[in-house]
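J.: Protein chains in written order, with the numbering used here: chain A, 1 to 334; chain B, 1001 to 1334; chain C, 2001 to 2321; chain D, 3001 to 3321.
Worth flagging that the hints you see were computed from the coordinates, not collected in a lab.
What you are looking at is a predicted structure, and each value in this text was computed from that prediction instead of being measured.
Possibly wrong hints are sitting among the right ones.
Okay, derived cross-link-like pairs now, DSSO-like style, lysine-lysine, Cα gap no bigger than 30 Å in a straight line [said to hold, decoys possible]: (1) B/Lys1295 - A/Lys295; (2) D/Lys3010 - B/Lys1118; (3) A/Lys3 - A/Lys52; (4) D/Lys3271 - C/Lys2161; (5) A/Lys52 - C/Lys2235.
Each chain, letter by letter, is given below.
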Amino acid sequence: MAKKSVRQAINEALASEMRRDPRVVIMGEDIAGGMGAPGEDDAWGGPLGVTKGLLGEFGRDRVLDTPITESAFIGAAAGAAATGLRPVAELMFVDFMGVCFDQIYNQAAKFRYMFGGKAVTPLVVRTMYGAGLRAASQHSQCLYPMFTHIPGLKVVIPSSAYEAKGLLIQAIRDDDPVVFFEHKAMYDEEEEVPDEAYTIPFGEANITREGDDVTVVAFGRMVQFANQAADKLAKEGITCTVIDPRTTSPLDEDTILEEVAATGRLVVVDEASPRCNMATDISALVAQRAFSALKAPVRMVTPPHTPVPFAADLEDLYIPGPAQIEQAIREVAA
Amino acid sequence: MAKKSVRQAINEALASEMRRDPRVVIMGEDIAGGMGAPGEDDAWGGPLGVTKGLLGEFGRDRVLDTPITESAFIGAAAGAAATGLRPVAELMFVDFMGVCFDQIYNQAAKFRYMFGGKAVTPLVVRTMYGAGLRAASQHSQCLYPMFTHIPGLKVVIPSSAYEAKGLLIQAIRDDDPVVFFEHKAMYDEEEEVPDEAYTIPFGEANITREGDDVTVVAFGRMVQFANQAADKLAKEGITCTVIDPRTTSPLDEDTILEEVAATGRLVVVDEASPRCNMATDISALVAQRAFSALKAPVRMVTPPHTPVPFAADLEDLYIPGPAQIEQAIREVAA
Amino acid sequence: MQLSREDLLKAYRQMKTIRVFEERLHDEFATGDIPGFVHLYAGEEASGVGVCLNLNDNDYIASTHRGHGHCIAKGCDVSGMMHEIFGRADGLCGGKGGSMHIADLERGMMGANGIVGGGPPLICGAALTAKTLGTGGVAVAFVGDGGSNQGTTMESLNLAKVWNLPVIFVVEDNGYAEATSSSWAVAGDAVRRAAGYDIPAQQVDGHDFFAVNEVAREAVERARAGDGPSLLHVKLSRYYGHFEGDAMTYRDPDEVSKLRQDKDCLDLFQKRVNEAGLLEPAQFEEIDRDVATLIDDAVASARAAPVPSAQDLLTDVYVSY
Amino acid sequence: MQLSREDLLKAYRQMKTIRVFEERLHDEFATGDIPGFVHLYAGEEASGVGVCLNLNDNDYIASTHRGHGHCIAKGCDVSGMMHEIFGRADGLCGGKGGSMHIADLERGMMGANGIVGGGPPLICGAALTAKTLGTGGVAVAFVGDGGSNQGTTMESLNLAKVWNLPVIFVVEDNGYAEATSSSWAVAGDAVRRAAGYDIPAQQVDGHDFFAVNEVAREAVERARAGDGPSLLHVKLSRYYGHFEGDAMTYRDPDEVSKLRQDKDCLDLFQKRVNEAGLLEPAQFEEIDRDVATLIDDAVASARAAPVPSAQDLLTDVYVSY
Ligand SMILES: Cc1ncc(C[n+]2csc(CCOP(=O)(O)OP(=O)(O)O)c2C)c(N)n1
Ligand SMILES: Cc1ncc(C[n+]2csc(CCOP(=O)(O)OP(=O)(O)O)c2C)c(N)n1
Ligand SMILES: [Mg+2]
Ligand SMILES: [Mg+2]
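Make the full structure from the sequences, and use the hints.
T.: Now the structure itself:
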């Protein structure tokens, strides 16, 4: 099997579903690029090149560049989804949700309930998240806890190239509105990814390491850091079960609760701001439903309650890393 | 001391601060009403009459009606706050945050950090939240977990008229951006409220009941339900400490941790949607930092993971009530 | 264009149905049995009906918080609507949506909307679907004068033009957004705003069904021909408060009675049709009787209908979860 | 109006400073030592400087992601800016903001902004402060052609007009938003859009400092006189990619070199001033030398300056918490 980057995996997922279903259209700012300009078409293929090449195969009718009007085009994607298309809209950075969130959480997410079950809204919003690119406070946030908070949305956070392809294909085939989070620092990461289409179901966690001492739950980019910490500690005889829930909504509660029942210890790693985030969500789940199994305090590893700083040294301190995870594991294992 | 409604308490807080400080201005859709219309000025005084009468005393220069453009006027309030005014902007229903959230969380909340500590942004956003008025999915949400998630914001949820007045005056005098949540079903509730101005500091929880068996943490309208449940159970000899944190950001962690240390049992009551909400936030805090004191699983009492339904019976089922709180307390006390 | 007798009858029936529906809701609301926020469309009937008479089930509309009239004009089941507004299990949305969220996607009605300016982006999407799948459909966004100031609306004008979508924006300017006059809150005007996006636009007297119907026909034809979006600035009047419970002190005390006397769209319609001898008085009377029965029955059956059951709280959040 | 020699010298010095600052950043970025996203203003200098020459410290501007030029034109400390862009502890924002968030409220610079369309609402607020406190100040929002499509921008036009605020909206139309041409993405045009809100507006050649300065003066005077907002549609050119790293394949290969040759705002300025005999060549040369030294020193000292220390991560979130 060929090694492919996260970027390529996502691109393949989009291409395969566009080939398969003529109702799938993609849209976003410069997802092709070059509209009205004298030079090349498909000049950008997305701000970081993720959608490059799709214009050539599918044309301007299905690869839709947009003006900078997130409310209008994310809302249009929602409206198109409710009327027969299966749009994949790109919200370039999730940080920009503040100019268009209404169309996602009050419109797309609630159609089905408000309309008494009569709406089907197969919308996918792809979006970039996360720190690490020195992109500062307004281009580095995670914000997936806010989407997870909203009933009616599904939220996907792939942790690798293989995961990204399978989960994105699932998202496009899914009949509910899905927000798909791509970590901007992960696009170049490679692993083996099949050429053909495959799906990874939502709400089924992936256990990336098995161990006896501590259960570690981590999301997105944090999964690899958790694995690194686990690998290191394994050499000292502290073994961890590392869980990648893949989707925060739906959440595979059973796997988390079972694994905590087995180890009796929990560390949750979340790159999002610490208040009302996924670390609190998982910790609370366990404190309510696996309390009797717990042998030690739950430990949350998150950034501090600050905006994301610009300066490299500060940003590196801000992001939870393998060292902090390692220390948290040691603490609960002690 | 005179009994006053929450509505009147808020109105008095605004009036007292506008009298005290000419830099305080208020703005919002129909906070006075009647602009350009042939009939009465101050025709509405806010959609539910909360700001009624302020126009007469302070005039159109300080009581600013706005077009329906939340991004523009909430952003204007943020910009005005950063340049010398102390604006109190009304976001009529917090459900509308989706059309203007950027100006709150990417602009106002982050100025100080992004600008290296050189900005001061004394902005208050007053907003209505909560279910109970049959206002359906887009006019009944809580959403305060999303604001709590954002570093740089302070979040206030008063639980009564007395609390509302003191906390709002504090909010207006505070130098950071504050979002002030008013439960739409509580405006007519009365209690004794002093005529003069007073402040209630942020980050200091209020213990509304003291007991030995269970610690109950509740927010906003849920505080009274928690007290009702506690009163009822007290007659059976199950006594509760009920904590109203008053502000979710900053959060009085110490009081919560101390009280849980004393009772060993925790119930958290939150009207917000259950994922990544304040119930998970408090539960996780306790599971991490007061674990050894815990004698029973933490219990969260929240609505289900659904939008708010319209039909009265469904909405009544949706909202966490005293009966559910009572049952949760019984469970953890057992 | 001269409308067929059939169309005239349909138009009158719909306008009358809306009127009686809304006046009845006004009374029922006063009994305390209707929950929540209710915004009545009475007085504005010629707009919704005048526009929607040009549409079919293949076409979509997106409505506002003041949505009952648009629903009826687009062909939603009137009894189902009444049941919905009373919060009944067999309402159009199972009692989960209520007045502010009535929708019927099968009729091309994408929902009333609790968010001012919520509809225009959605309707761009319906238009995109029509364009992409070649359904021949068009899409209409109704928006108030107040809603015309929302950024979402203005962004949608630009997007519809840039994407050349079959959209008609109908700005229903009833002079007020809540208690605020549009003469104050709307700088410039809608027609000139549309010109700023190169979108053809016209102002029209919204009390005059025929005028609305005519400009709407042109706009719909333009859209169907692939010639892109249009905007109609419809000037009209609402007879009741912003929502039920509004004392309307911001209006002249006799403003509404004068409007009812001089500008009533139903009166104007009848007068015009009578003068031209297009329909018989008896035909109006028959419709009036039908409508009265329809609304009476709708209220009676809504009052008698069962409310949702407890398990309904948890359903319809996702297709699968 | 004929500018004073002092103003001419100031204008040239600022434009030149911006140019050299940006070209140097372009080179420094290539070394890999500048973190993050950097958007250069080179080519657009006549706009920021032409506008801001009419302003003083009492006035505010809100900028965009492409903010360096506006900062310099508004009088921010150039060395402090360079330190900030390098992420140094003694940068204008303590290294926490970087290129996309440089601000200096004391100079009336409300920040570059990472959110397209983020600035116009904020500037309405600065204008409200000026109006409410009677400071006599005015407020300028810079926004790109792309940003002119954001709902926040259009809402701000309406609010500024309705509140009669002393605001000037400056739409800097460099022909592109990222890789998308404004001729495609902007339906209609900015001047006609402004007319839709009854806001006086003018298009102006943004390569011509004098033209910009003149229309901006009128707009600023209108604002100071209490006559409300104006809009300027400034047509200009950017010399580098959207951000550093952009290969610009969407442009004609020789587009920029032609622009540099025919339309360079610094060249046009010098030519005009020389022809009119307003300044001596030696004066330009002196400024050029000063600027070269200023930027050299700024880079050298930025490179040598300490980075923030660990505890800085946690400060400046709140005034008190
Ligand atoms: C985003 C948003 N802001 C504010 C409101 C509250 N609100 C509901 S209707 C309304 C007035 C709308 O006026 P207009 O668009 O003219 O419609 P009309 O009521 O006159 O039909 C307002 C302010 C809302 N529902 N959504
Ligand atoms: C709300 C939002 N949407 C998208 C972006 C990504 N983005 C940054 S700059 C830019 C293009 C802006 O174009 P224009 O306004 O013309 O300014 P220019 O770059 O040409 O100076 C885009 C799309 C953003 N930062 N914010
Ligand atoms: Mg109106
Ligand atoms: Mg541009």
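J.: Does each hint hold? Answer for all of them.
T.: Evaluated hints:
no.: 1; hint: B/Lys1295 - A/Lys295; verdict: holds, 12 Å
no.: 2; hint: D/Lys3010 - B/Lys1118; verdict: holds, 27 Å
no.: 3; hint: A/Lys3 - A/Lys52; verdict: holds, 18 Å
no.: 4; hint: D/Lys3271 - C/Lys2161; verdict: violated, 42 Å
no.: 5; hint: A/Lys52 - C/Lys2235; verdict: violated, 47 Å
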